[in-house]
Amino acid sequence: MSKSFPVRPSLEQLKKQAKELLKSHRSGNPDVLRRIQENHPDWGNRSELELRATRFTLGDAQLVIAREYGCASWPKLKAQVESIMAAIAN
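Following my numbering, the numbering of the sequence shown begins with 38 at its first residue and continues without gaps.
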């Protein structure tokens, strides 16, 4: 199940979420490793040990966040947020 956007989604907040996800991966947080397994298309079959040893980038974190919101990529998530904000402004 995908997360729902808040009424006023913030791209800055989503960027912070991605940075926090990256930081949590580095600390080996088991909940974060599970989120990565569930949402990163290349890492679903990797063990927790493999995930801890794998180089995980900000781009990877952004992809996980995007997929948690039902978007195929970070650029598509960004476009969705911009679309929602434009609709609110009008």
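Calculated directly from the structure, the hints in this document are not laboratory data.
Even for Gly, the Cβ is constructed at its ideal location relative to N, Cα and C.
Hints are supplied without guarantee of correctness; some may be wrong.
Unchecked claim - Derived CB-CB ranges, DEER-like: (1) Lys40 <-> Ala123: 27 to 35 Å; (2) Arg63 <-> Asn127: 22 to 30 Å; (3) Met122 <-> Pro67: 28 to 36 Å; (4) Lys60 <-> Ala116: 23 to 31 Å.
As the list claims (entries may be wrong) - The calculated SDA-like cross-link candidates involving lysine to any residue, where the alpha carbons are at most 20 Å apart (straight line), are: (5) Lys60 <-> Pro43; (6) Lys40 <-> Lys53; (7) Lys40 <-> Pro78.
Open item on the list: Which constraints among the numbered hints does this structure fail? Numbers only, ascending.
Closed with: Numbers 1, 2, 5, in rising order.
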